[in-house]
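Following the hints, position chain B against chain A.
2 protein chains.
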Amino acid sequence: MKTRTRLIAWPAALVAAGAFLGGPAAFAADQVDLLKADQMAGQWVMPAGNYANWRYTTLNQINAGNVAKLQPVWTFSTGVLRGHEGGPLIIGDTMYVHAPFPNTVFALDLNENGRILWKYEPKQDPNVIPVMCCDTVNRGVAYGDGKIILHQADTTLVALDAKTGKVVWSVKDGDPKLGETGTSAPLVIKDKVYVGVSGGEFGMQGRLTAYNLSDGKLVWKAYSIGPDDHLLVDPEKTTAMGKPIGKDSSLQTWEGDQWKNGGGATWGWISYDPELNLLYYGSGNPGTWNPVQRPGDNKWSMTVFARDPDTGMAKWVYQMTPHDEWDYDGINEMVLADTNVNGKAVKALVHFDRNGFAYVLDRTNGMLLQANKYDPAVNWATHVDLQSGRPQVVPQYSTQHNGADHNSKNICPAALGSKDEQPVAYSPQTHLFYVPTNHVCMDYEPFKVTYTAGQPFVGATLSMFPPQGEKNLGNFIAYDVNDGKIVWSDPEPFSVWSGALATAGDVVFYGTLEGYLKAVDMKTGKLLYKFKTPSGIIGNVTPFEHNGKEYIAVLSGVGGWAGIGMAAGLTEDTAGLGAVGAYKALNNYTQLGGVLTVFGLGE
Amino acid sequence: MKTRTRLIAWPAALVAAGAFLGGPAAFAADQVDLLKADQMAGQWVMPAGNYANWRYTTLNQINAGNVAKLQPVWTFSTGVLRGHEGGPLIIGDTMYVHAPFPNTVFALDLNENGRILWKYEPKQDPNVIPVMCCDTVNRGVAYGDGKIILHQADTTLVALDAKTGKVVWSVKDGDPKLGETGTSAPLVIKDKVYVGVSGGEFGMQGRLTAYNLSDGKLVWKAYSIGPDDHLLVDPEKTTAMGKPIGKDSSLQTWEGDQWKNGGGATWGWISYDPELNLLYYGSGNPGTWNPVQRPGDNKWSMTVFARDPDTGMAKWVYQMTPHDEWDYDGINEMVLADTNVNGKAVKALVHFDRNGFAYVLDRTNGMLLQANKYDPAVNWATHVDLQSGRPQVVPQYSTQHNGADHNSKNICPAALGSKDEQPVAYSPQTHLFYVPTNHVCMDYEPFKVTYTAGQPFVGATLSMFPPQGEKNLGNFIAYDVNDGKIVWSDPEPFSVWSGALATAGDVVFYGTLEGYLKAVDMKTGKLLYKFKTPSGIIGNVTPFEHNGKEYIAVLSGVGGWAGIGMAAGLTEDTAGLGAVGAYKALNNYTQLGGVLTVFGLGE
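Top to bottom, those sequences are chains A and B.
Residue numbers for the first sequence follow the numbering used here, so the first one is 1 and each next one is one higher.
Residue numbers for the second sequence follow the numbering used here, so the first one is 604 and each next one is one higher.
There may be inaccurate statements among the hints.
As the list claims (entries may be wrong) - Here are the simulated EDC-like pairs of lysine to aspartate or glutamate, each with C-alpha atoms no more than 16 Å apart in a straight line: (1) Lys-530/A with Glu-715/B; (2) Lys-409/A with Asp-362/A; (3) Lys-1133/B with Asp-443/A; (4) Lys-639/B with Asp-748/B; (5) Lys-850/B with Asp-837/B.
These are computed hints drawn from the structure, not numbers from a lab.
This one's a predicted model, so the numbers in the text were calculated from it and none came from an experiment.
Next up, chain A with everything else stripped away, as it sits in the complex (with noise of 0.2 Å):
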């Protein structure tokens, strides 16, 4: 990593480490100002630790000259097996975890190791299980004034009563029988609540849906694909690349009626910028797979959206592959960081998108500053058209030139992604992002499919493994979005499917498919401790500081798509969308889990 002055703005308090404003026991849930989510180290109040998604602490207490000393001081069974996406959410002296389907939450006493102080399992039809494409993983929940908001499996979405566990309000967000599926966390802003929904490989309609926090009223539904109304957009005001998107910017793209059937899924995590009012997020694949059955753009699927949280209208979009021919979803998150860019210093958004490319984009208006391929692997396109914004295609891995029928080979990255909903970590220290990446690669053979609701709507058969002539299916990298480039890279022999935390400490975290929690040097990447938790790791590492200890805490729990052979019992290479071939060798290191690891420093 090259040294060099960078802007440092926002916040401004979070850089010198350990300058947060108040200890944890200040904070009492019912006095959480999610605002300030970046002043209070101890805690961690959403998913992300802040509304810009860094997944960066202040804390410093573990640090790179200490850190080979962690080791796990409670653990806690769930009591749910398959794969344990998310993390838990600290708030004061509770920890509030989730689970897989059934979706239990559990409020945890850090007084007591982790005692019990509230469960609540949903009741839910298990005929949900079917129409969840990649496991019944669930990535947490959200919390907000005094309420902790689950969205089930099947889609409705529950706020408790954060003290008793007591179901305040209800809502039924969509209809599993559409194939419509809960497994994304909820982002609670200001007064609203906001949740995603699943099911992309089911032709349903993708949106971003707004309720009121008190009620659970609805307040606002904005979707990804269809007539101007239903997108909640300005023909005139919302723009693309710097240019007005104009009237049914999304019907011209589609031939048809096929925008109905369209997808656009919003399951990934998503993102706020409170001094623009702007919130963030992405949007999934067009339905089918089968990109010779659906000509046209298939806007706005695998889109940015900028939208204000208050009235859901979209300020900008930005498509990042125009007619899907791979699967490559839009849904990564979006993290906000005022960095140097290219040499000069911008209000950035930075995604790492499934396509393999690093998108940076200035957040105020949508407009593409950069887009690299963070794994050398990526061959589907040359590079991205920064006037255009439009990826430049190779031929030879465009399964619509190749066309249906025909299994289009090695195409790189595979359908899952150089890196899927795993999420980055980014450090306003270091201006540096920790990427868990997949290097996997793909043969995908695409042919003709019916809609019919609720049944699969994928219409391509798929095989994965690593690049031609490598073993290794996965990366932990550290990227540099002012020259766009990778600073360091630690392979790994599976995919790293885990979210990661940057710490104040000079030491990232992550986790391992085969269950390894790895804490490496922030600058050097250089592995500084490992564990062997009981399952395969794809939760997001979290930390908090309890009775002025810093702890660090993660899911362990095998699954997601990369683990759906295990999680599911599926063995033909082909299955799981073409994962279960690619990933079969992690049998021989871990087994179906569920346990949240406290890791501390001992006395």
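Coordinates of chain B only, in the frame set by chain A:
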């Protein structure tokens, strides 16, 4: 504890801490001589560590001076929830871990934090689950002659190649359609493997069976109840309390054909004295639980058997609870210790029975030397008459006396005994027994029941609760058989359902139902260390050495009879044969799990 001269006889090498004859590297899997188990301190080659059922290690790297620094070093999820009884074996560099139904067995590489060398998952009919009275537990595998022997839930006894996991032979030991299931750990002695059977609540016919270790061929089968040729007894030579048992000793104590559904299951731990060439085990309750319905002493239910392992012939028997009225199974393990009893050196067999008495017998001839209460709450009998060997029952607590359809109140202990399967540890240094106990009483109402093959044959409704005016449901105690007294007693909120481990490091380990692994001072019971494992512990603490370092392993995963409410999702207080109500508060501490945690001293 008092200081005095002790008989230290067997095996002498053990007593000098650390004076073992070789390191783990010296023992390849095909070289292990089970008779020398005591001299292989680094390994754990049979369920109790040695044939004498001591659960004692001469390892002393982890000791009272440093145990506070213990920490988990790696963990492993079995991928199975529900109760995890038993513990792993350690042979050379390999750890063999088993799981509850479906009884998966794993060979884990100790050189790589438990990487999976092989995995064996039997295909079993899940209809066996409802026939398992008290959770889908399994108490572990046996090792012998390069084979790992597993007793499956469906009673299949299977021998696996210890190096590859491939099936060498497989035999069906019983029939789940008759209520027969496999839960117990087999034991290998010389060229045979011995296995008991579960099903006392289903009116099956209990027996111990010997198979050839080489090919699984049946060698002998010795029933607990029935005609002499079923019992494998010699009416003249087999003795009870020093006298020949005579002809038809069992049949004479049953009315008509009732013996045919008489139970006497054999699912406890087996011991062996190589010098006497006798194996020891206990039989369980007679069927039904309604005593009014089955007059007589119901021999040889509730009995200690001493048998010749080559022929199966019984040398002596001793019935603890003639005509059981409380389900005080006699299956608890027999610990073989050469120690002082009543001031005199004897070859003792020490047995902490479900009925609350600690029996000490001369294991050469079955003479009763001592039988004292090891829980002050025990009230069903005033004492055991040492001449007749019979308990003196208190009429108030006699469910026979009170009659069917009468609810006899406040009987102590409850049906699950002052101790159940959770094995004790014995230290040849302190000559004390470390006993995980239940401190639980019951109301017991017998009712008439008709035998139907494969259906519960219980005939009693139970409630369980702590002794009147008390809160704690368990104690972990040190017990001295010289004077037949409790030396110290550590109260626990719940039953201690984990097996103990005594060490040459002056530390005793046990696990709790909330999930704590605890280390206490051997001489005082003082708590020196605790760690909250992922789930409640009903597994047995197991030591081993690897690359010159001592480790402690334990399975967590709440369940078993005490945890049956959580394991099977039961909520009625009288469900789980009365256990559900007593242990309801466990829900506030732990959830289902299935994780092996390995502890060490760190760097």
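Which of the stated hints cannot be reconciled with the structure, identified by number in ascending sequence?
2, 3
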